[in-house]
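A.B. asks: Please work from the sequences and hints to get the whole structure.
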Amino acid sequence: MFNRREETNHMPSSNGQETIIAQGVKVEGDFTSSGDVVIDGEVSGSIQTAASLRVGDTAKITADVTAAVAVIAGVVQGNVKVAERLELLETSVVDGDITCRVLSVAPGARINGRVEMGTEKTED
Amino acid sequence: MYCYIYDEFTQDKRYEKELLEIENRLTDLGLAGKTVRMALFRNVQEMVRDEIRRGAKSVIAVGNDETLHKVIDVVSGTDAVLGIIPLGSPNALAKLLGVPEGVAACDVLSARIVETIDAGIVNGKRFLTSLSVANFRSELTCDGLYRITPDVSGSLEVRNLAEDEYNTEHVSDPTDGRLETVIRVGVKQGWFGRRIMRESILPLTQLAIRSEKPIAVVADGEEMMGTRFDIGIEEGVMRVISGRGRKF
Chain U
-1 MFNRREETNH MPSSNGQETI IAQGVKVEGD FTSSGDVVID GEVSGSIQTA ASLRVGDTAK
59 ITADVTAAVA VIAGVVQGNV KVAERLELLE TSVVDGDITC RVLSVAPGAR INGRVEMGTE
119 KTED
Chain S
75 MYCYIYDEFT QDKRYEKELL EIENRLTDLG LAGKTVRMAL FRNVQEMVRD EIRRGAKSVI
135 AVGNDETLHK VIDVVSGTDA VLGIIPLGSP NALAKLLGVP EGVAACDVLS ARIVETIDAG
195 IVNGKRFLTS LSVANFRSEL TCDGLYRITP DVSGSLEVRN LAEDEYNTEH VSDPTDGRLE
255 TVIRVGVKQG WFGRRIMRES ILPLTQLAIR SEKPIAVVAD GEEMMGTRFD IGIEEGVMRV
315 ISGRGRKF
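Line order of the protein sequences matches chains U and S.
Counting from 1, position 1 in the first sequence corresponds to residue -1 in this note's numbering; the numbering is continuous, with no gaps.
Counting from 1, position 32 in the second sequence corresponds to residue 106 in this note's numbering; the numbering is continuous, with no gaps.
Derived from the structure by calculation, the hints contain no laboratory data.
Ideal Cβ positions, reconstructed from N, Cα and C, are used throughout, including at glycine.
There's no promise every hint is true.
[Claimed, not checked] Which stretches of chain U does chain S cover? Using the computed rule of at least three CB atoms under 8 Å from a CB of chain S, they are:
1. 24 to 34
2. 37 to 44
[To be verified] A few chain S residues facing chain U, derived, Cβ under 8 Å:
3. L219
4. P224
5. G228
6. V259
7. V261
8. R272
9. S274
C.D. replies: Here it is, written out as structure tokens:
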């Protein structure tokens, strides 16, 4: 009887270019986007965006990630290449190599891999 | 040349007075044209096609959303401009286009603000508003690159020109060359397994639904059954007359 109640989350609506992968869906394959991307669900394969990427704390990513700017709060198993700024929040786990220009790591964030910083721009 | 397509229900006595006012106003504005009335056993699409062939430059549907849907497929892809004079209900599409009901719509036709918009296409059939699937649990292939599968049964909506059900302020843009694809899934959270709806939103150009069992897909209010649905977008294929209050 309790699990029949439903409510809607107040997710921001898409501006037409933003992609939101919410909790409750699985994505498999080469995910590419030219706009901002928000991931709270599961993704396996590869992720590539020319804009910003936000990985929520419920996200489980098994993929190589490429973005211009990224904020990670969830789990990423794969290499992360960010052209500009990468922010790892306290709940984040990255099992893979990181390449970025600017890195911000919150206390509690876990990195299991090589970190390369200060390069001009990452290769796509 | 204007061609007015009157839906069958507009011949009801309760619309008689309003139709007379509309016709008078159209004459005053110099927009009078040929009138074609829908009727049982008359193929409306064939009639509209004939009128366009004879030189109709503006096809105006007089009726509700369903009236408009009946003529969309024929008008899109031609040089003719599509307009609506809303009568009866539902008239959600007219509201999105900023066209007021009844006689006031004549002034919108007279101002003639023409927008070029996209149309969605599912298994070869065009749709203007949206396509939806209830109890969606199938695999969705997006832009031929990746697949999305919901963990539990949810709902799928593919919008070309439609309001967000939960946020009516938000209307998908029918001029951006993309279909706003929304997957809603209830995710259990907490001790009591309370369900919270989560919404995935993807702007796509190509989608494919593959299902093991036949599923019902509703596009522009019309139901289609099947296991395979190929969905795409045709950019700028339709020209519509809209009002200043259009929502996109």
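A.B. asks: Now look at each hint and say whether the structure bears it out.
C.D. replies: A quick look at each hint next to the structure:
1. 24 to 34: holds (count 8)
2. 37 to 44: holds (count 3)
3. L219: holds, 5 Å
4. P224: holds, 5 Å
5. G228: holds, 7 Å
6. V259: This interface hint holds because 3 Å falls under the 8 Å limit.
7. V261: Since chain U brings a Cβ to about 4 Å from V261/S, closer than 8 Å, the hint holds.
8. R272: holds, 4 Å
9. S274: holds, 4 Å
Consistency note: the structure conflicts with none of the earlier hints.
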